[in-house]
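Colleague: Residue-level listing of the chains:
Number of protein chains: 4
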Amino acid sequence: MPATDNHSAILLIYCSDRKGLVAEITHFLSRYNGNILEIDQHVDEQNGVFFMRVQWDLDRFEMPDTSIEAQFKEEVAEPLDLNWTLHFTGQTPRMAVFVSKYAHCLHDVLARYSSGEWKVDIPLIVSNHDDLRPLAEKYEIDYHHFHVTPQTKPGVEQQQRALLREHEIDFIVLARYMQILTPDFVDCYPARIINIHHSFLPAFPGARPYHSAYRRGVKIIGATSHYVTEELDQGPIIEQDVIPVNHRHSVDDLIRKGRDLEKIVLSRAIWNHLQRKTLVFENRTIVFR
Amino acid sequence: MPATDNHSAILLIYCSDRKGLVAEITHFLSRYNGNILEIDQHVDEQNGVFFMRVQWDLDRFEMPDTSIEAQFKEEVAEPLDLNWTLHFTGQTPRMAVFVSKYAHCLHDVLARYSSGEWKVDIPLIVSNHDDLRPLAEKYEIDYHHFHVTPQTKPGVEQQQRALLREHEIDFIVLARYMQILTPDFVDCYPARIINIHHSFLPAFPGARPYHSAYRRGVKIIGATSHYVTEELDQGPIIEQDVIPVNHRHSVDDLIRKGRDLEKIVLSRAIWNHLQRKTLVFENRTIVFR
Amino acid sequence: MPATDNHSAILLIYCSDRKGLVAEITHFLSRYNGNILEIDQHVDEQNGVFFMRVQWDLDRFEMPDTSIEAQFKEEVAEPLDLNWTLHFTGQTPRMAVFVSKYAHCLHDVLARYSSGEWKVDIPLIVSNHDDLRPLAEKYEIDYHHFHVTPQTKPGVEQQQRALLREHEIDFIVLARYMQILTPDFVDCYPARIINIHHSFLPAFPGARPYHSAYRRGVKIIGATSHYVTEELDQGPIIEQDVIPVNHRHSVDDLIRKGRDLEKIVLSRAIWNHLQRKTLVFENRTIVFR
Amino acid sequence: MPATDNHSAILLIYCSDRKGLVAEITHFLSRYNGNILEIDQHVDEQNGVFFMRVQWDLDRFEMPDTSIEAQFKEEVAEPLDLNWTLHFTGQTPRMAVFVSKYAHCLHDVLARYSSGEWKVDIPLIVSNHDDLRPLAEKYEIDYHHFHVTPQTKPGVEQQQRALLREHEIDFIVLARYMQILTPDFVDCYPARIINIHHSFLPAFPGARPYHSAYRRGVKIIGATSHYVTEELDQGPIIEQDVIPVNHRHSVDDLIRKGRDLEKIVLSRAIWNHLQRKTLVFENRTIVFR
Numbered sequence: 047m048p049a050t051d052n053h054s055a056i057l058l059i060y061c062s063d064r065k066g067l068v069a070e071i072t073h074f075l076s077r078y079n080g081n082i083l084e085i086d087q088h089v090d091e092q093n094g095v096f097f098m099r100v101q102w103d104l105d106r107f108e109m110p111d112t113s114i115e116a117q118f119k120e121e122v123a124e125p126l127d128l129n130w131t132l133h134f135t136g137q138t139p140r141m142a143v144f145v146s147k148y149a150h151c152l153h154d155v156l157a158r159y160s161s162g163e164w165k166v167d168i169p170l171i172v173s174n175h176d177d178l179r180p181l182a183e184k185y186e187i188d189y190h191h192f193h194v195t196p197q198t199k200p201g202v203e204q205q206q207r208a209l210l211r212e213h214e215i216d217f218i219v220l221a222r223y224m225q226i227l228t229p230d231f232v233d234c235y236p237a238r239i240i241n242i243h244h245s246f247l248p249a250f251p252g253a254r255p256y257h258s259a260y261r262r263g264v265k266i267i268g269a270t271s272h273y274v275t276e277e278l279d280q281g282p283i284i285e286q287d288v289i290p291v292n293h294r295h296s297v298d299d300l301i302r303k304g305r306d307l308e309k310i311v312l313s314r315a316i317w318n319h320l321q322r323k324t325l326v327f328e329n330r331t332i333v334f335r
Numbered sequence: 047m048p049a050t051d052n053h054s055a056i057l058l059i060y061c062s063d064r065k066g067l068v069a070e071i072t073h074f075l076s077r078y079n080g081n082i083l084e085i086d087q088h089v090d091e092q093n094g095v096f097f098m099r100v101q102w103d104l105d106r107f108e109m110p111d112t113s114i115e116a117q118f119k120e121e122v123a124e125p126l127d128l129n130w131t132l133h134f135t136g137q138t139p140r141m142a143v144f145v146s147k148y149a150h151c152l153h154d155v156l157a158r159y160s161s162g163e164w165k166v167d168i169p170l171i172v173s174n175h176d177d178l179r180p181l182a183e184k185y186e187i188d189y190h191h192f193h194v195t196p197q198t199k200p201g202v203e204q205q206q207r208a209l210l211r212e213h214e215i216d217f218i219v220l221a222r223y224m225q226i227l228t229p230d231f232v233d234c235y236p237a238r239i240i241n242i243h244h245s246f247l248p249a250f251p252g253a254r255p256y257h258s259a260y261r262r263g264v265k266i267i268g269a270t271s272h273y274v275t276e277e278l279d280q281g282p283i284i285e286q287d288v289i290p291v292n293h294r295h296s297v298d299d300l301i302r303k304g305r306d307l308e309k310i311v312l313s314r315a316i317w318n319h320l321q322r323k324t325l326v327f328e329n330r331t332i333v334f335r
Numbered sequence: 047m048p049a050t051d052n053h054s055a056i057l058l059i060y061c062s063d064r065k066g067l068v069a070e071i072t073h074f075l076s077r078y079n080g081n082i083l084e085i086d087q088h089v090d091e092q093n094g095v096f097f098m099r100v101q102w103d104l105d106r107f108e109m110p111d112t113s114i115e116a117q118f119k120e121e122v123a124e125p126l127d128l129n130w131t132l133h134f135t136g137q138t139p140r141m142a143v144f145v146s147k148y149a150h151c152l153h154d155v156l157a158r159y160s161s162g163e164w165k166v167d168i169p170l171i172v173s174n175h176d177d178l179r180p181l182a183e184k185y186e187i188d189y190h191h192f193h194v195t196p197q198t199k200p201g202v203e204q205q206q207r208a209l210l211r212e213h214e215i216d217f218i219v220l221a222r223y224m225q226i227l228t229p230d231f232v233d234c235y236p237a238r239i240i241n242i243h244h245s246f247l248p249a250f251p252g253a254r255p256y257h258s259a260y261r262r263g264v265k266i267i268g269a270t271s272h273y274v275t276e277e278l279d280q281g282p283i284i285e286q287d288v289i290p291v292n293h294r295h296s297v298d299d300l301i302r303k304g305r306d307l308e309k310i311v312l313s314r315a316i317w318n319h320l321q322r323k324t325l326v327f328e329n330r331t332i333v334f335r
Numbered sequence: 047m048p049a050t051d052n053h054s055a056i057l058l059i060y061c062s063d064r065k066g067l068v069a070e071i072t073h074f075l076s077r078y079n080g081n082i083l084e085i086d087q088h089v090d091e092q093n094g095v096f097f098m099r100v101q102w103d104l105d106r107f108e109m110p111d112t113s114i115e116a117q118f119k120e121e122v123a124e125p126l127d128l129n130w131t132l133h134f135t136g137q138t139p140r141m142a143v144f145v146s147k148y149a150h151c152l153h154d155v156l157a158r159y160s161s162g163e164w165k166v167d168i169p170l171i172v173s174n175h176d177d178l179r180p181l182a183e184k185y186e187i188d189y190h191h192f193h194v195t196p197q198t199k200p201g202v203e204q205q206q207r208a209l210l211r212e213h214e215i216d217f218i219v220l221a222r223y224m225q226i227l228t229p230d231f232v233d234c235y236p237a238r239i240i241n242i243h244h245s246f247l248p249a250f251p252g253a254r255p256y257h258s259a260y261r262r263g264v265k266i267i268g269a270t271s272h273y274v275t276e277e278l279d280q281g282p283i284i285e286q287d288v289i290p291v292n293h294r295h296s297v298d299d300l301i302r303k304g305r306d307l308e309k310i311v312l313s314r315a316i317w318n319h320l321q322r323k324t325l326v327f328e329n330r331t332i333v334f335r
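Residue numbers (the working numbering), protein chains in the order written: chain A, 47 to 335; chain B, 47 to 335; chain C, 47 to 335; chain D, 47 to 335.
In isolation and in its complexed conformation, chain A is listed as follows (with noise of 0.2 angstroms):
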């Protein structure tokens, strides 16, 4: 996977099945020298509808990278009718991480972007609290602490909003925020938000899962990152793992063991977003491999 490579472009493309798509679309890539790198294509065909990832190198890509928008726009999308979008491997996103009291997932993310392992910038954390605000610290990032009430709530997300704007955050990480954003939030960054909740969803959504599944006795228990969308716990799921507890293990215990699930599933999903592996069809995340 070419996963460091600082010069490729990649394509996500969806519409309704045809023939000759894939011709289409990898000839107008050889016309202009392009070397492909790795093409993920498959018809879903319950619902008739194409899907294709494809990256290539733009090293010796006879058009320059400002142009190719427009010319694919013009020469293949508009004449085929694609729903797609294009980025660069060579711009790094920029993502800010919403955090509340608990600090795994936090130290998780940052433990890998102070060590390189993820091509991203992260400006600035949020937090309804200021408990981790010394680990924000240690790690020189700006934490925004807001006090959120149910009344104090909109005014709060106004001044969050202005202040993603104003570090042009591409993306948001939810790393176990405690708040439910409302839906107009919500609809500024469509498959954008990126958030992980502590069970193996559609089981136990909403409060308190670690409680119901010692409750209702499951031998597995997991945790599921998805995209946020206006329903709470039921967007499209982009990672999910799971661990076998058994009737030893207390409440605390899985709350313990699910630390652990919580931080690596999420981490996954951060990663998959950005290598532009994922796309949202119909509430369903196509995860590119």
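Rather than coming from a laboratory, the hints here were simulated on the basis of the structure.
Predicted, not measured: the structure shown is a model, and the values here were computed from it.
Honestly, I wouldn't trust all of these hints.
No distinction is drawn between identical chains; accordingly, a pair holds when it is met within one copy or between any pair of copies.
Stated by the list, open to error - Listed below are the simulated EDC-like cross-link pairs for lysine to aspartate or glutamate, each with C-alpha atoms no more than 16 angstroms apart in a straight line: (1) Lys165 with Glu70; (2) Lys303 with Asp287; (3) Lys65 with Asp105; (4) Lys147 with Asp176; (5) Lys199 with Asp105; (6) Lys199 with Asp230; (7) Lys303 with Glu163; (8) Lys165 with Asp299.
Following the hints, position chains B, C and D against chain A.
Modeller: For chains B, C and D alone, kept in the frame of chain A given last:
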């Protein structure tokens, strides 16, 4: 694990937690020269309940097998007010299998049965369809076909219960049996009817869980084996397992992959039941290891 | 996944990586009005090798099935110097199963076969013991017993190869066959003999891996399905899976738990082979998804 | 699990199996009014060895903590010839961390440490490089850098051992420490040095296991935490875990994915060690549950 031991006994015990329980119980065994093979004991601190499974060698135990029940009751269980059951590994339980049209779980059960993996007798298979009769005949097991409609169900269940009594059936396995048993029937076999549900409960209870899983876009599917209670798919869980899926999988792929989970999870649950490793407490199954 | 499609074709391709390969290949298909159902393509950058699997619908493909091979060779494969194979999903491969005394993998294979899960014919079962003949007879499949000793092995293999030719066998599954095939035999079926080894290779190759796993005190055991090559247990891996074990498990427990792994892993490997998802390159198996 | 209990004691016991061991041991506890919180006991029948972990509440135990060791020895351990250790949950063990250049395991350890997940003190970090000093400083832990060459190693180890004694270190965690300790050093800390190896041992011991895994084409990679013994990567295994990989993964992908395994597996092993759940017998680790 002394799985093949043919002359040992097992006590499954729970009661409210107090000091000295283990000492009292194990002292009874050592008083009569019993050699403990395995103890698994723990306290559920949230509920203040003591759980214990103890297995001991009967070979030099200085008490006839037939006296153990009365003696343990008098010396230990009544003074300590225990909930308990006693089992002898030398006895071979009798199991009935209920099926509909899907063959994969029955195949798996019969393969294990015929190769002697389980110490169990399977004198009969019951079905609401005739499709799997040829498979039953391959293994020379009586196959009883009952045509079930909402109208005939009560009468059919009467006949089935007579049949089960006649064959001295100890427990029932629903190997993808597509009928809901009436509460009357279920009450006759408390914690002795094992079902396999083709989802990771409590996600996707009821009908067509793979279709629901597909629509929800989950990244992992599961199967759950549980004891049947009056509420559909709500009984105490014995065993669960999962496998990853992705956006390329159609519903048919989920069904195909799920079959492997279903048969393995069901067979593990049967194994645990046969090993007397299971104890039901407040709709949760303790599965001793 | 168009698993049930009966009139499509599959190309498996690899070659040294260059620009324009995808465009050339897909252009050939679109030239004759072929509808691509699925492409999986990637470049192994460490080795500079291009890999591709493409499946397309033959229903309105403007070329007779019988001409595709020659036409693709002339127009694409020779000019581009591709390594390639062509397959038609409408053809039903013929598979032979080799067994010794263990029944579990054969049970699993026959259960899938008899329920139509796989598109395959199994005209014969070969064994060095007579133990599993009754199982073969249940499914009315010819069972050939050869007594094998070091002295008789060359002669026996001659007879086996004649038998395989006579039945027009496409590929062989060693379902816990406890004999080592000679290099001569193996050479006749390159990447067409599938073995199941009862360990997580490369750990514990050779005999009695569960005993070795027990002694080493591993916390997880595995099973590995691979194509057979001249070197024992060194062939390209198709599929692996694992399950956790603990200190309470005796060797017999490992063997019992391992059986479930072995049969599932072997059957998954067979499925991948049947779907033409596998391609061997330098002792590694590309398993397209 | 009474993980947070601050006033309980734990006995870890093994001996050759005989009748009455459990009764004798538990009778000792009940004699002094000890409330047993948890027993995990089993017999390794292949070796005829009895294993037991018992934890009891000290709150109303009618014996001063300081007398338990001598009293248990006299009344039980010597008469029965037990191998045993006694631990108090109220004591906080002291742990040293050895690192080289990789940060991910140290990040994970320090995140848990700083959030109070573990009851442990970490007074010092030792390294053969200076790279991770800034990370140690974030958490205000002494960082000791020793330049190690084959020539200086014996002298360096002398200094390290002095440092460990001075800080009264109970056990050592090698968090991707890329140096092999001498047998002299290892002998000072029997079953008290925990290493993480970045493969599924016994597969791929030694250097560069991800490169070997890539070349072998395995479909699953793993990580193994074990107690260090004189033989490299041969010590008793505490914890293992795995994740699936495929042909699209480069060596760099394996390394990236493996980091998540390594840190989680190492931290689980540390947890088990801290909970006094581990007991080493003949190069295998019993991990009580």
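Colleague: Confirm or reject each hint.
Modeller: The hints, checked one at a time:
1. For the identical chains of this complex, Lys165 and Glu70 are neighbours neither inside a copy (31 angstroms) nor across copies (33 angstroms), given an alpha-carbon limit of 16 angstroms.
2. Both within a single protomer and between protomers do Lys303 and Asp287 lie at most 16 angstroms apart by alpha-carbon distance, with minima of 12 angstroms and 14 angstroms respectively.
3. Taking identical chains as interchangeable, the C-alpha atoms of Lys65 and Asp105 lie at most 16 angstroms apart only when they sit on different chains, with a minimum of 12 angstroms there against 30 angstroms within one chain.
4. Taking CA atoms no more than 16 angstroms apart as the test, Lys147 paired with Asp176 passes inside one copy only; the shortest distance there is 8 angstroms, against 32 angstroms between copies.
5. Taking the closest pair of Cα atoms, Lys199 and Asp105 never come within 16 angstroms of each other, the shortest separation being 48 angstroms inside a single copy and 48 angstroms across copies.
6. Taking CA atoms no more than 16 angstroms apart as the test, Lys199 paired with Asp230 passes inside one copy only; the shortest distance there is 12 angstroms, against 53 angstroms between copies.
7. For the identical chains of this complex, Lys303 and Glu163 are inter-copy neighbours only, at 11 angstroms across copies versus 24 angstroms inside a copy, given an alpha-carbon limit of 16 angstroms.
8. In this assembly of identical chains, Lys165 and Asp299 lie within 16 angstroms of each other by CA distance solely across copies; the values are 15 angstroms between and 34 angstroms within a copy.
In summary, the structure is inconsistent with hints 1, 5 from the numbered list given earlier, while agreeing with the others.
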